[in-house]
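Please construct the entire structure, taking both the sequences and the accompanying hints into account.
With the first letter of the sequence shown counted as 1, position 235 gets the number 235 in the working numbering; the numbers rise by one all the way through.
Since the hints were made in silico from the structure, they are not lab data. A portion of the hints provided could be inaccurate.
To be verified - Beta-carbon label-pair distances, calculated as ranges: (1) Pro91 x Gln9: 19 to 25 Å; (2) Leu65 x Asp88: 34 to 40 Å; (3) Arg76 x Leu54: 27 to 33 Å.
Backbone N, C-alpha and C define an ideal beta-carbon position, used for all residues, glycine too.
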Amino acid sequence: MRILLICHQEEMLNRVVVPRWLASFSTLAGIIALRETGRQKRRRIQREVKRVGLFGFLDVVLFRLYYRLFLARADRRWEEQKRAELFDRYPEIPVRTPVLECASPNSAPAKNFIAQAKPDLMIARCKVILKEEIFSIPTCGTFVMHPGICPEYRNAHGCFWALANRDLERVGMTLLRIDRGVDTGPIFAFYHCQLDEIEDSHIIIQHRTVFENLDDIQAQLTSIYRREAIPIDVTGRKSAAWGQPWMTRYLSWKRAAKRRPI
Numbered sequence: 001m002r003i004l005l006i007c008h009q010e011e012m013l014n015r016v017v018v019p020r021w022l023a024s025f026s027t028l029a030g031i032i033a034l035r036e037t038g039r040q041k042r043r044r045i046q047r048e049v050k051r052v053g054l055f056g057f058l059d060v061v062l063f064r065l066y067y068r069l070f071l072a073r074a075d076r077r078w079e080e081q082k083r084a085e086l087f088d089r090y091p092e093i094p095v096r097t098p099v100l101e102c103a104s105p106n107s108a109p110a111k112n113f114i115a116q117a118k119p120d121l122m123i124a125r126c127k128v129i130l131k132e133e134i135f136s137i138p139t140c141g142t143f144v145m146h147p148g149i150c151p152e153y154r155n156a157h158g159c160f161w162a163l164a165n166r167d168l169e170r171v172g173m174t175l176l177r178i179d180r181g182v183d184t185g186p187i188f189a190f191y192h193c194q195l196d197e198i199e200d201s202h203i204i205i206q207h208r209t210v211f212e213n214l215d216d217i218q219a220q221l222t223s224i225y226r227r228e229a230i231p232i233d234v235t236g237r238k239s240a241a242w243g244q245p246w247m248t249r250y251l252s253w254k255r256a257a258k259r260r261p262i
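Have a look at this one:
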């Protein structure tokens, strides 16, 4: 089983831990490490403003500032501890593993890189919507570990919005195969973690839904490769797309979490 990974260069766990994990049970066919350009960042901002309006975007900016000042340091410590823990568990990847650094997974160099790697599966741990000519290259499909339970919490930061909505049964991760929509493809599994709403940020919670379930995810990917996995029927369930976290919703979440019975 050959698996190719797409991730962001600056995201430590995805860039250095996920490759080790993949290489432990498959042939790591290659890594595409994305470096976002200033133009791409500006386009993301424009899309978010269009989606939520100026006042909503101000709410987003306030949370970003709060996160950097008060939450980011603790999250980095958690990530460093998790990296050390998983480094002890998974050995280094082969030194000859092909790596491509680029700005977009939809670029011609990325397309050629994937085609030459000939992956059976591709794992997209990135924020970029893949074109069909990219996600259709792997013979078994391209998969995302979406931070949120689909179809109720599609698009961005599903764990955050489930927490903010007090929809705690839907705080988790969805393993799905990419199609032409946004997190609308066939769903193969849901994963959860033990919640600590007081101590953990939403970022840590969504990390835990992945990195505390690696054995089960491995088993499911293997089942998909063997054509044994059957998609979950979500017919009739509500579908909604979400966006970036808001400061006001973060504060209401934490207040509600403190009132939650232990």
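Hints, one by one, checked against the model:
no.: 1; hint: Pro91 x Gln9: 19 to 25 Å; in the structure: holds, 22 Å
no.: 2; hint: Leu65 x Asp88: 34 to 40 Å; in the structure: holds, 36 Å
no.: 3; hint: Arg76 x Leu54: 27 to 33 Å; in the structure: holds, 31 Å
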